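Asker: One letter stands for each residue in the lines below.
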Amino acid sequence: KNEVEQSPQNLTAQEGEFITINCSYSVGISALHWLQQHPGGGIVSLFMLSSGKKKHGRLIATINIQEKHSSLHITASHPRDSAVYICAVVLQGGSEKLVFGKGTKLTVNP
Amino acid sequence: DAGITQSPRHKVTETGTPVTLRCHQTENHRYMYWYRQDPGHGLRLIHYSYGVKDTDKGEVSDGYSVSRSKTEDFLLTLESATSSQTSVYFCAISEGLDAYFGPGTRLTVL
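Chains as they are written, first to last, in our numbering: chain A, 1 to 110; chain B, 1 to 110.
If you are wondering where the hints come from, they were derived from the structure by calculation, not from laboratory data.
Everything numeric in this text was worked out from a predicted model, so none of it was measured.
Be aware that a few hints might be false.
Claimed, not checked - What follows is a list of derived Cβ distance ranges for each label pair: (1) K55/A / R30/B: 26 to 32 Å; (2) G57/A / H41/B: 29 to 35 Å; (3) G57/A / T71/B: 32 to 38 Å.
What the hints assert, rightly or not - Partial chain A-side listing against chain B, Cβ under 10 Å, derived: (4) Q6; (5) V27; (6) H33; (7) V44; (8) I65; (9) I86.
We put the CB at the ideal spot given by N, CA and C, even for glycine.
Can you make the complete structure from the sequences, with help from the hints?
Answerer: So, in structure tokens, the structure goes:
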């Protein structure tokens with residue numbers, strides 16, 4: 001079983017829709033990153049969370065440490081939001097290793 | 001932008017040849033990682049380093065070796081490349097809760 005599970009794997013939406021991507025993890029973490037990767041592109045960190053909620057423009061990320069769950073929301077989605085969104089956790093303890101979910105491929109149609 | 005670069009950015013090689021990929025950082029971060037990204041598998045950890053000369057294996061380390069002789073450089077070597085190692089390779093660095101990613105190296109083994 002993967003330590004980090006994302007859902008859904010693929011998501012298609014119409015422009016303007018509200019989108020939610022979920023991430024659940026089974027290990028102790030010190031932080032969680034939401035990453036974005038456009039087709040053929042590099043990986044960019046959108047948010048780093050250790051508790052609560054963060055907002056940047058149309059993107060909102062939340063984390064519930066007790067439930068070991070995080071969500072990424074996109075309001076008023078746009079075709080330029082089409083990308084792969086990846087959840088990555090920083091493990092507690094000495095290694096501080098990053099462990100990734102397999103990603104969610106989002107396609108927003110005009 | 002964080003100072004993390006990868007070289008080369010693209011490489012085509014033949015089966016059986018040795019290949020070395022370089023990750024270079026100017027952030028003085030302690031942790032450095034090599035991942036490969038393949039369709040259907042997401043990002044998988046090959047090796048990581050937690051200091052100069054301190055390295056450990058990840059989940060897909062067979063066929064790969066690494067070296068870190070100084071803080072800023074983390075080398076990934078394929079001793080004898082195989083077609084199954086055709087992939088996109090990403091380097092990442094982290095310190096505490098911060099994590100940054102290199103632009104990726106697309107490796108094709110014919």
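Asker: All hints are to be evaluated individually against the structure, with a verdict given for each.
Answerer: Verification of the hints:
Between K55/A and R30/B the beta carbon distance is about 30 Å. The supplied range of 26 to 32 Å therefore holds. Between G57/A and H41/B the C-beta distance comes to about 31 Å, which sits within the given range of 29 to 35 Å. At about 35 Å, the beta-carbon gap between G57/A and T71/B stays in the expected band of 32 to 38 Å. Against a cut-off of 10 Å between C-beta atoms, the interface hint on Q6/A holds, since the closest Cβ of chain B lies about 9 Å away.
The interface hint given for V27/A is broken, as the beta carbon of that residue sits about 14 Å from the closest beta carbon of chain B, more than 10 Å. Interface restraint check: H33/A against chain B, minimum CB-CB distance 6 Å, threshold 10 Å, status holds. Below 10 Å, beta-carbon pairs count as interface contacts, and V44/A has one with chain B at about 8 Å; its hint therefore holds. With its C-beta approaching chain B no nearer than about 14 Å, I65/A sits outside the 10 Å limit, and its interface hint is violated.
A hinted interface residue such as I86/A counts as satisfied when its beta carbon comes closer than 10 Å to some beta carbon of chain B; here the least separation is about 7 Å, so the hint holds.
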